[in-house]
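Trainee: Chains as they are written, first to last, in full-length UniProt numbering: chain Z, 1 to 83; chain G, 1 to 412.
Hints may contain errors.
To be verified - To give an idea of the interface, some chain Z residues facing chain G are shown, with a C-beta separation under 10 Å as derived from the structure:
no.	residue
1	GLY31
2	SER35
3	ASP43
4	ASP44
5	GLU46
6	GLY47
7	PHE48
8	ALA52
9	GLU75
What the hints assert, rightly or not - DSS-like, lysine-lysine: derived pairs with alpha carbons at most 27 Å apart:
no.	chain 1	residue 1	chain 2	residue 2
10	G	LYS140	G	LYS345
11	Z	LYS65	G	LYS117
12	G	LYS345	G	LYS378
13	G	LYS345	Z	LYS26
14	G	LYS156	G	LYS117
15	G	LYS378	Z	LYS26
16	G	LYS316	Z	LYS26
17	G	LYS105	Z	LYS26
18	G	LYS117	G	LYS345
19	Z	LYS65	G	LYS378
20	G	LYS105	G	LYS117
21	G	LYS140	G	LYS156
22	G	LYS156	G	LYS188
23	G	LYS156	G	LYS345
24	Z	LYS65	Z	LYS26
For the record, the hints were derived by calculation from the structure and aren't laboratory data. Virtual Cβ for every residue (Gly too), placed ideally from N, Cα, C.
If you want the building blocks of each chain, they are given just below.
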Amino acid sequence: MTDTTDTTTDTTEPDGPFRVVIDRDKCVGHGRCYSLAPEVYVDDEEGFSELADGDTPATPELRDKARLGAVTCPEGAISLVPL
Amino acid sequence: MTTTPDGEVTTTSEETARGCPVIDFDFTVERPALEYFTFLDGLREEAPIAWNTYGGGFWMLNRNALVGEAFQTPEVFSSSATVPTLPNPDYHFIPTMENGAEHRKYRAVLNPQFSPKVVATLEPSIRRDCIDLIESLVEKGSVDLVADFAMVFPTKVFLQIVDLPAEDTDTFVTWVEDVFAGLGNAAKAEGMAAAMEGIRVYFTTFMEEWRANPGDPETSFFGRLLNSNIGDRPIRDDEFLNMSLVLLLAGLDTVKSQMGYMFYHLATHPEDRQRIIDEPEIAANAVEEFLRANAIVMDGRKLAQDVDFHGCPMKKDDMVMLTLAAASRDTTEFDHADQIDFDRKAVTHFSFGSGPHRCLGSHLARLELRVVLEEWHKRIPHYRLDPAVAREDIVESGPQLGLSSLPLVWEV
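Isolated chain G, as found in the complex (with noise of 0.2 Å):
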């Protein structure tokens, strides 16, 4: 028995039968700021784990010890479908949905491109990066940060990092926008299709042109990952594209979704604001706390085996969501857990996942965030929510939460 956002309490035979609550659930509909984030807290205390029926069902973890521990018995919950309404999908994403030692070869080619110490010589062309967008925004006084920022930031640094031309920024925004809306939602299957075709030809038209003609591996991401080998062999065609098309989605839709929580946040705590204005120096400790309390990631897992998970008996080929935005602000394992705190020490949470598929891209990410809250306030240190749209209009959505606009307003 469990309560939706509408307030309907639901309770079906299949409870009974499964021995675990049984919700009806849909996370693509588009609902006011923080709802989905409201209705998890809710449904975490009243149920630890439950059956979701929605879309071919899916079990959903709800706490944070129960994530944690399913992420890292990856032999059990094996990574083959990571979209849990997706138990067979046509597509099969690399390193994503490979599993032990197959996985470990993928990610020893790309953790050293990713590492923190690679991220870090890149910081003052990030900073670069962000204070120039930010500039060319201070003189509106109005932006709709979701569209004119968190969309384009991360895309200029992405390209930067593997070193792509700017000009396909635009070109790059529209293709994830269209995947993501896709993943999980059969209405706009055909727009997802059509991105990921349209990325397969950029990548497939570059890995033609290097192989003609190869330029400095030195200077071209793609370029030494086209030379890499997986163990013992040289990559192939097909998993260069592979690889290509997934550090693409997995590093730019992310990045857009926090920043719209963080600076929805922001927008509306004008105590916090302040203290990221007086005191830049807690900016680390406040991403953390940022990408805990709002964690936007809805993983999955699908069942190798069958298991009784906490007696709730799992099937073999059962999906599982680990409900990272329900677990990351569990009552039982953090003080306070639905607030925002930058002086919460030690902060420890799921958001970047956890065991072998851990976040490639956290380093950067972490980077990308601090860096905006670092040089945002300098230039714009006081802005609200637009007066002039209704709290209600500013809608998030599923299943990976993200605002879908954020209207912001200053005095210039």
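So that you can see chain Z by itself, here it is in the shape it has in the complex (with noise of 0.2 Å):
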């Protein structure tokens, strides 16, 4: 076991194309994502986060709010992944 606290993996370039990963085992529900993004997360019907737009790669514009998402979440089950 380490000492280092993982939050959140996020290898993209700042301009370049990305995809929004959520570690579906990992998520338990918190909805940090959801609340705070919306524009990228949505939840289920039991309250674990999905991606609003499915497989959809996410938009530049919309990296801020990403991160957010992913960075607020307590499991550090979202991932932002380069394409």
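Take the two lone chains, each set in its own frame, and fit them into one complex as the hints suggest.
Mentor: Okay, here's the thing in structure tokens:
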């Protein structure tokens, strides 16, 4: 076990295309992402997180919102992955 | 080696043996408001992990990353016992003390009932309850915030959400108080047992009446629970009674305690109160800060196996306290960690836990706290601690931290 707090992975370039990935095994329904960034994240019937646009790659103007959801996730369940 | 609130430095031979600092710290003693938080701030800096000899002895994880790791490693840090001083409790709460796939089956029944979507539909009636209660207090000019408001409001909300009669509010308040007084405090165990029996009889009666004469499940939360399936089989009577008790206990005392600290801060920080009055749109973020800076739950886990956890030799069946009150003010995680800052960006905390046992009622609790901030300050914007009460007589105690009373006064 390590001493690091792994909150999120964002390996994307500032202007590059990227995809948002939610690890459904880690999501436990805190709801921070879809409360703070409903443009990117929505809740399902149990309160778990889903992507508002499904598998569509995120547009660059949503990068800050996507990142906000990722950094506020207590489970570190959200990653921004470059395409 | 560490320092207790009384300034005693403790070192024992066990320190060397265990390889981690040892303290003897009793959470049930009443101390002036916020003293526990200050003590735990100091303990966290000296001892990220400590062994507390109090009760039967338990580990304390005091840094945010350690608490997160424990929450998120449930196969090692199990929920088979969740009160650090009670490694072998004579009760088994469902779903609190379930683990793994079994736990998931219970949560699948409960999660949809407390989802953000469902909770949002309740906001108008929660707001109405809140306004009614505040308006009944406005003309008084003084109040014990804890007894007269913080205990009553969440109970009214809970009874409404689970479709039980509002006239039972006082009965439920008393039962819940008695149970929490007894958790981890042996001197109050008898009152706790009596209250749990009272709750059991109440829900047994409900169950028998519902079975004899079922009502409309659309209008009865507990009716729906009785009709539900756990996995692929119908819920059993004992499960229904157990879960009813747990829902009641989990939803009431916690919101009360959080509200006490929220109002203590606002009564003693007029500049922050003024911001809530002037910029009510910051209420949601303010709630996150109150949750972070005064985390009240002292969750426990039981080791499912031997583990060397960051240098501390933990043994199977050892108890572990996840010291949220220390962790969420971790200076390595947050700037000015001990300060409440409504402008803090991207507030994260484990105040609702983490991992599979994430607080079921978290969305409801957030809503209740935000509505209280908004509606109270429209009607009673300016208030202060009652100057007739000495500051050191406003006290808190644990194991779940909370103020015993909070006397406030305002101009009428």
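Trainee: Each hint should be assessed against the structure and marked as holding or not.
Mentor: Checked hints:
no.: 1; hint: GLY31; verdict: 5 Å, holds
no.: 2; hint: SER35; verdict: 7 Å, holds
no.: 3; hint: ASP43; verdict: 5 Å, holds
no.: 4; hint: ASP44; verdict: 8 Å, holds
no.: 5; hint: GLU46; verdict: 4 Å, holds
no.: 6; hint: GLY47; verdict: 4 Å, holds
no.: 7; hint: PHE48; verdict: 8 Å, holds
no.: 8; hint: ALA52; verdict: 14 Å, violated
no.: 9; hint: GLU75; verdict: 6 Å, holds
no.: 10; hint: G/LYS140 x G/LYS345; verdict: 38 Å, violated
no.: 11; hint: Z/LYS65 x G/LYS117; verdict: 21 Å, holds
no.: 12; hint: G/LYS345 x G/LYS378; verdict: 26 Å, holds
no.: 13; hint: G/LYS345 x Z/LYS26; verdict: 23 Å, holds
no.: 14; hint: G/LYS156 x G/LYS117; verdict: 20 Å, holds
no.: 15; hint: G/LYS378 x Z/LYS26; verdict: 40 Å, violated
no.: 16; hint: G/LYS316 x Z/LYS26; verdict: 25 Å, holds
no.: 17; hint: G/LYS105 x Z/LYS26; verdict: 16 Å, holds
no.: 18; hint: G/LYS117 x G/LYS345; verdict: 25 Å, holds
no.: 19; hint: Z/LYS65 x G/LYS378; verdict: 32 Å, violated
no.: 20; hint: G/LYS105 x G/LYS117; verdict: 21 Å, holds
no.: 21; hint: G/LYS140 x G/LYS156; verdict: 21 Å, holds
no.: 22; hint: G/LYS156 x G/LYS188; verdict: 26 Å, holds
no.: 23; hint: G/LYS156 x G/LYS345; verdict: 33 Å, violated
no.: 24; hint: Z/LYS65 x Z/LYS26; verdict: 20 Å, holds
In the structure shown, a violation is registered for the earlier hints numbered 8, 10, 15, 19, 23, in ascending order.
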